[in-house]
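Each chain is listed here by its residues.
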Amino acid sequence: MLEISALHAGYGKVAVLDAIDLEVNEGEFVAILGPNGAGKSTLLKTIAGVHSPERGTISLFGRRIGRLGPAERIRMGLGTIPEARQLFSDMSVRENLVLGAYARIGIRIPDALAADLDEVFALFPRLREREKQIAGSLSGGEAQMLAIARALMGRPRLLLCDEPSLGLAPMLVREMLGALEKLREQGITILMADQNALAVLQMADRGYVLDTGRIVAQGESKSLLNDKRLRAAYLGAGLSQ
Amino acid sequence: MDLVSLGQIVVSGLANGALYAFVGLGFSLISRSTGIINFAQGDFAMLGAVLTGFLVAGGLPLILAVPLAVLVCGLVGGGLHVLAVQRAERANMAQLIIMTIGFAILIQGAVTWGWGSDPIAIPAFTGSAPLDLFGVTILPQQLWLVGTLALVTASMWFFFHRTVLGLALRAGASNPLGASFVGIDHKRLGAYSFVAGGLLGGLGGAVWAPIAFAQVDIGIALGLKGFTAAALGGFGTTFGPIAGGLIFGLVESLAAGLISSAYTDAISYGLLLAVLIVRPQGLLGKIQRGAADDNREEVLSAGLMPTRLSGHDFVRFGAAVGVLLLLSVILAASWKTAALFAGITAIVVIGMVLLTGFAGQISLGQGTFMMVGAYASGYLTLKQGWPPIAAIAFGMVFAGLLALVIGRFIFRLRGYYLAMASLSLLMIFQTLAREMHSITGGPNGLPGIAPLQILGIQFFTDDEVFLVILVATLLCLIAGLSITRSRVGRALLAIRSDELAARACGANAVWLKIGAFVFAAACASLAGSLYVHYLGIANPLPFSFKSSIEHIVALTLGGFLALYGSYFGAAIVVALPSVITTVFGDADTQAGAGLKFLLFGLLLIVVIIAQSNGNARRVSERVRGWICNGFRLKTAET
Amino acid sequence: MTSVHDSERPVSDLVLQVENLSVQFGGLRAVDGVSFSVAPAEIVGLIGPNGAGKTTIFNCISGVIVPTEGRILIQGETVTPFTPERACAMGALRTFQNVRLFGELSLRENIMMGAYSAGRCGMLSAMLRLPIHGRLERLAAERADYWMNLLGLADYADAGATSLPLGLQRVAEVARAMAANPQIVLLDEPGAGLNKVEKENLSDILRSIAVETNCALLVVDHDMGLVMGLAERLVVLDFGKLIAQGRPEAVARNPDVIEAYLGVA
Chain C
0 MLEISALHAG YGKVAVLDAI DLEVNEGEFV AILGPNGAGK STLLKTIAGV HSPERGTISL
60 FGRRIGRLGP AERIRMGLGT IPEARQLFSD MSVRENLVLG AYARIGIRIP DALAADLDEV
120 FALFPRLRER EKQIAGSLSG GEAQMLAIAR ALMGRPRLLL CDEPSLGLAP MLVREMLGAL
180 EKLREQGITI LMADQNALAV LQMADRGYVL DTGRIVAQGE SKSLLNDKRL RAAYLGAGLS
240 Q
Chain W
0 MDLVSLGQIV VSGLANGALY AFVGLGFSLI SRSTGIINFA QGDFAMLGAV LTGFLVAGGL
60 PLILAVPLAV LVCGLVGGGL HVLAVQRAER ANMAQLIIMT IGFAILIQGA VTWGWGSDPI
120 AIPAFTGSAP LDLFGVTILP QQLWLVGTLA LVTASMWFFF HRTVLGLALR AGASNPLGAS
180 FVGIDHKRLG AYSFVAGGLL GGLGGAVWAP IAFAQVDIGI ALGLKGFTAA ALGGFGTTFG
240 PIAGGLIFGL VESLAAGLIS SAYTDAISYG LLLAVLIVRP QGLLGKIQRG AADDNREEVL
300 SAGLMPTRLS GHDFVRFGAA VGVLLLLSVI LAASWKTAAL FAGITAIVVI GMVLLTGFAG
360 QISLGQGTFM MVGAYASGYL TLKQGWPPIA AIAFGMVFAG LLALVIGRFI FRLRGYYLAM
420 ASLSLLMIFQ TLAREMHSIT GGPNGLPGIA PLQILGIQFF TDDEVFLVIL VATLLCLIAG
480 LSITRSRVGR ALLAIRSDEL AARACGANAV WLKIGAFVFA AACASLAGSL YVHYLGIANP
540 LPFSFKSSIE HIVALTLGGF LALYGSYFGA AIVVALPSVI TTVFGDADTQ AGAGLKFLLF
600 GLLLIVVIIA QSNGNARRVS ERVRGWICNG FRLKTAET
Chain L
0 MTSVHDSERP VSDLVLQVEN LSVQFGGLRA VDGVSFSVAP AEIVGLIGPN GAGKTTIFNC
60 ISGVIVPTEG RILIQGETVT PFTPERACAM GALRTFQNVR LFGELSLREN IMMGAYSAGR
120 CGMLSAMLRL PIHGRLERLA AERADYWMNL LGLADYADAG ATSLPLGLQR VAEVARAMAA
180 NPQIVLLDEP GAGLNKVEKE NLSDILRSIA VETNCALLVV DHDMGLVMGL AERLVVLDFG
240 KLIAQGRPEA VARNPDVIEA YLGVA
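Residue numbers (numbering that gives the first Met the number 0), protein chains in the order written: chain C, 0 to 240; chain W, 0 to 637; chain L, 0 to 264.
For reference, chain C alone in the conformation it holds in the complex:
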């Protein structure tokens, strides 16, 4: 479903991604692991079309999407939960959700959108209670749910999640991961970048370990859990012994 080959990207002179090859198949839950600064966010931003790569190809459903804008990618079925959520903090929860559907609706808000809203409210009942509240006033866990719900409003088939556990207390992390598990059961493919390696690997089918812009290890979750290279990427080489 998603295929990336030889992807290079960076900011000005600073190269962040160095020849990334990666693929995600329909129905999978794939984790991208690695310490802060490894390039996880840049990779997801590049897939979402918010950051332009220097070279390399990205294909979604067999179609090259390198030249498409974020809106067209969303219409193809790509959803993103960005790093630090990036909510519209001075707008209401409902307005944030409506904007999640921005790419696929016209100038007027269609009546049919109510059905989509009901669907995400069913998944996150707490958001329905807070429908009129300003997004900036939500707690960390609620804000994260809103970020997930906003991405769902675009009706994604592939969901990119960037550090959804960031800044959440352990209990909320479990709740959030539970919600993603539910989505996966509904058939949504998930590509998730997270620092929280152990918790994520327990859910994911496969994982890639990223370190300073390169994929240093990949494989089934179980084998990765015991992989020295994962530990080395996080805690520094020379210490894993």
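One or more hints might be untrue.
Derived DEER-like restraints, expressed as beta-carbon distance ranges [unchecked claim]:
#1 W:ALA574 - L:PRO130: 28 to 34 Å
#2 L:GLY151 - C:ASP20: 35 to 41 Å
#3 W:GLY58 - C:ILE106: 52 to 58 Å
#4 L:ILE131 - W:ASN443: 47 to 53 Å
#5 W:ILE258 - C:ILE106: 57 to 63 Å
#6 W:ALA273 - L:ASP154: 18 to 24 Å
#7 C:ARG228 - L:GLY75: 42 to 48 Å
Examples of chain W residues toward chain L, derived with CB under 7 Å [to be verified]:
#8 SER154
#9 SER259
#10 SER260
#11 ALA261
#12 THR263
#13 ARG411
#14 ALA478
#15 ILE482
#16 ARG486
#17 ARG489
#18 ALA493
#19 GLU498
#20 ALA500
#21 ALA503
#22 GLY505
#23 ALA506
From chain L, some residues computed to sit far from chain W (all C-beta separations above 12 Å) [claimed, not checked]:
#24 SER36
#25 ARG70
#26 GLU172
#27 GLU197
#28 ARG206
#29 ALA209
#30 ARG252
Keep in mind that the hints were calculated from the coordinates and are not lab data. C-beta atoms are modelled at their ideal positions from N, C-alpha and C, and glycine is treated no differently.
Dock chains W and L against chain C, hints included.
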């Protein structure tokens, strides 16, 4: 004062305030979604008014003329964004704001060229018989204006809360990165907001026009007052400008009615200045974090600036003096006068190179400091018998102190508040100069100022004055060079490149910017003094906003960082009217003046687009290499 | 302790003291009662996973953020007000995560900017070229040349600073900070974007600086590899709190630290 008169004042204040609100809404809309302060906002309203008048005069019924005029304004707004702003994608915020000044004079020039600057009378929508409310007279058109504003407010609320596009505009203002994640296209939003700005301005202008007259000159004042409305209400708010506009209209009207009609402008612009100083986020606004930050890549100058005077510089001084002396001998008299005025303009521009190029601040009111010099020289030599040199020095010190006080308040803020603050200061000083007869002689000015006299030598003929101005220009150039090529100049460039990193090196950004502003003010004051000693009269007219535009154009053409380029830019600005005269006949006619501004506007826009693409550097390197003997030594060497 | 205004002689045996520092952003307590100190010539690593609060602490020390509670002392003197200029004047210089050299200046001029705080000389003195200006310029040039020679940058002196490869830009930032004769240099993710060779080169430079100049270094980085090899002592943060501190080998074995980095199992 009885209640009826007070009611009358309130009614006319609210009606005017409604117009300011229209303009202010456009300001805040564009600034929220693009970060740009669009100086052409008042001119959209002017265009709406004049177009309506023109269409009605052409036989179109009002009911068609008004929507058509408003539509054209929207198209002009969107067109400017697509054709100019989007093309200068790598321009920084200061350049984009100067570009909108280009829009403003482009529109003004086009209107003057097309329809002249005479007022156009427009029939009221529903008759002009006044209504009577407890003795207070209300014009039906005033009701139309306020009613339209109410309608627009309601539909704007609907637009921003109930339509996808409106939500997207708010989202873009709230969190640009988040907006791009949900697929909102930043470029397109910018174009929409310019269209909306055009529509709002045009509508306000068209509905207001029957109350007064449609006239090209109102554009600048409307822009400033609309900006005040937005600043009062808060740029970060959607509806703040409405409250801001109404409050401002009331204050203006009360000041005129209760205090003095002559000083209305001084009082209302004083209010703007006070708001900028005391509460820059507006009465209703919150301080925005990060939003005002300029994240665009700096491309004003690639190429390294030499930061030390070298032997080559002295060769170039010599060459410059030689060329100018040669010109003074061989030039025809009329061209010599032009060269002389170019020298005076160049002195102002040298100061602006430091202020805008090095300190990154835009001033639209260097005319203020020219007036300080002009009246200091005039008043002190005529009425107090001071020697001219002492009067000139006094003017420069006074102008410097004025800049210091203004700068101390304004530069605490990151952003482009100086542009508006300096413009309102100019408006205040223009009013004071016209009204304080005992010192300034009023609109007629102070005639009979003696020619310049230094150490007993009088400089009277054009040749002699030319020499003085030549020397003064060179002195300013040397002063400018020795500042820019010092540790201070290096620190200013460092601040421009990266303010935080420069501050972490111990450079005090606020005081360095103030220093640049003080230098620019002193230069302008010197230029003002020289000007009145040459012409023999000090009056407000030559230092109006139009002179500020000429300074900005000269600065942009000469190059923001090019001290040697200042004379070049000034020469083009001074020579352009003569060229227009030669090509199109008499430049003093309205059409000629209009054409001049049209060309100035186009020049500003084109030069800034070229600068942001790097084309300007390639061209200017060559052209300046020939004309000014090159100014960027190191790029030529490496 | 009496305050001595001679910057050459330390008045406290600690260069940097962070006392009970807390920073609140809205509902989020980004830093919660953190205390640690740095001795002269010491290299200390401030580490922790994303969102742990290390950048916030860094920003407090360098005068970008005003802490909600607690105080910071440099050379035994309390830092106030919290501005970058003040931090610089007190002897705390910094580098930036995404290298911030001045693009419009040459490399040499960039490093001369580092010596800007060596003395006061305003616009008027510069315009009139008063002796003080010449003195400061000579001083700045001397220091720039000294550090460029020492750190192997002399060949690039006249090049545009931002045209250099990133590795050299990082070294140049260090040189710029050192030109101010600092008491402590704060390094914000110095290893970001560098390859292995460049990282090793930078580590060597930093180590020799600490040994030879008595200047302390506080390194904020998530790249444990670089920090482990460089720092003599680590301060570890998680969720805004200090969770461990001590020698690198000991810290790397600390179960709390491993959990903070690899997440809850």
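Against the range 18 to 24 Å, how does the distance between the Cβ atoms of ALA273 of chain W and ASP154 of chain L compare: consistent or not?
violated, 55 Å
Status of the hint placing ALA493 of chain W at chain L (closest C-beta pair under 7 Å)
Interface hint status for ALA493 of chain W: holds (4 Å vs cutoff 7 Å).
Mind verifying the non-interface call on ARG252 of chain L? Its CB should be farther than 12 Å from each CB in chain W.
holds, 36 Å
Any Cβ of chain W at or closer than 12 Å to GLU197 of chain L, or is the non-interface label fine?
holds, 21 Å
When the nearest CB of chain L is found for ARG489 of chain W, is that gap smaller than 7 Å?
Result: holds, 6 Å to nearest chain L Cβ.
Do the Cβ positions of ILE131 of chain L and ASN443 of chain W conform to the proposed distance bound of 47 to 53 Å?
For ILE131 of chain L and ASN443 of chain W the Cβ distance comes to about 49 Å; the hint holds.
Range hint compliance [Cβ, ALA574 of chain W to PRO130 of chain L, 28 to 34 Å]:
violated, 43 Å
Is the hinted range of 35 to 41 Å satisfied by the C-beta distance from GLY151 of chain L to ASP20 of chain C?
holds, 36 Å
Cβ separation check - ARG206 of chain L to all of chain W, threshold 12 Å:
holds, 23 Å
Could you check the hint for me, namely that GLY58 of chain W and ILE106 of chain C are 52 to 58 Å apart, CB to CB?
violated, 35 Å
Outcome for the supplied range 57 to 63 Å, where the beta carbon pair is ILE258 of chain W and ILE106 of chain C:
violated, 49 Å
With 12 Å as the threshold, tell me whether ALA209 of chain L passes as away from chain W on beta-carbon distances.
At roughly 20 Å from the nearest Cβ of chain W, ALA209 of chain L sits farther out than 12 Å, so the non-interface label holds.
In summary, the structure is inconsistent with hints 1, 3, 5, 6, 8, 9, 10, 11, 12, 13, 19 and 26 from the numbered list given earlier, while agreeing with the others.
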